Amino acid sequence: MSNAARLRRDAESIWRAGVAAVDSKRLVADVVRNTGAELVICGHPIPLAKLNRLVVVGAGKAGAGMAAGFEQAAGAELVRDWLNGWVNVPADCVGSLQSIHLHAARPAGINEPTEEGARGVKQILELVAGLGEKDVCVVLLSGGGSALLPAPVAAITLADKQQVTRMLMHAAATIDELNCVRKQLSLVKGGGLARATQAGLVMTLIISDVIGDPLDVIASGPTVADSSTAADALAVLRKYAPNQGDVSLAVTAYLTRKAKESSQVKPIPSTVHH
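According to the numbering used here, the sequence shown is numbered sequentially starting from 27.
FYI, nobody ran anything at the bench for these hints, they're computed from the structure.
Keep in mind it's a predicted model, so treat the numbers as computed, not measured.
Heads up, the beta-carbon is just placed ideally off N, CA and C, and yes, glycines get one too.
Some clues are possibly wrong.
[Claimed, not checked] With a straight-line cut-off of 30 Å between C-alpha atoms, the simulated DSBU-like cross-links for lysine-lysine are:
id : residue 1 : residue 2
1  : K51       : K160
2  : K148      : K292
3  : K265      : K292
[Stated by the list, open to error] Computed spacing ranges between beta-carbons, pair by pair:
id : residue 1 : residue 2 : range
4  : T200      : V48       : 21 to 27 Å
5  : D239      : P293      : 18 to 24 Å
6  : A43       : Q270      : 30 to 36 Å
Produce the entire structure from the sequences given, and follow the hints as far as they go.
In structure tokens:
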């Protein structure tokens, strides 16, 4: 074997090992276990005898694999009898699972919020809003989750959100800056999803695509308290869109109004675990 062929073989072997190490289906299946008496998630035991409803929701480019891994590890009987779920994924990731619906929330390769994504978020919010203290909600999040979970606040439209998102991406804003603005304009980001449910237990499984693994930045932290403020978001917009008209007036008006209100961090329920 020539040196070039050996180098190619070794490089391919290293690449395959790297891909296998972050396989989303395996990563989730490794931390979920059904003992027959308990569903154990990341070491947290959930007695099946006390379980009323189990709902799995989420979003991300790895969402399909994560959902498949969860169903596999939870077991066919539990999935059939207790589980209901909805996960927003790119269109090329949609497949058939037993009880978790994989929703095409955006076209493949276009990392922007869409009407289909917003429709999917509506379904997710309806699912989690119906949960009570005897129910468990599992949230699956991964990279790309921000664009796949569009839920603009009432003061702005989806078109406004698309415009500001597109502008910041084209201006080379960092992921921290982009998600700072996204969180301030969203009903579900920045902990909004966690606050939307009364489930007795919320378990969030996260695959990070952000250096340093900041939980409030990955997928814009739907189940994590947001330490950023509307004033921070306005500073980002002034940095990248100094000219009037670069961003919808509805966006700047909303953030300006919000910045004048309390900047206190909205708490996350103690029932939420990561």
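Task: Hint check against the structure, violated hint numbers in rising order - done: When the structure is compared with the hints, only number 6 turns out to be violated.
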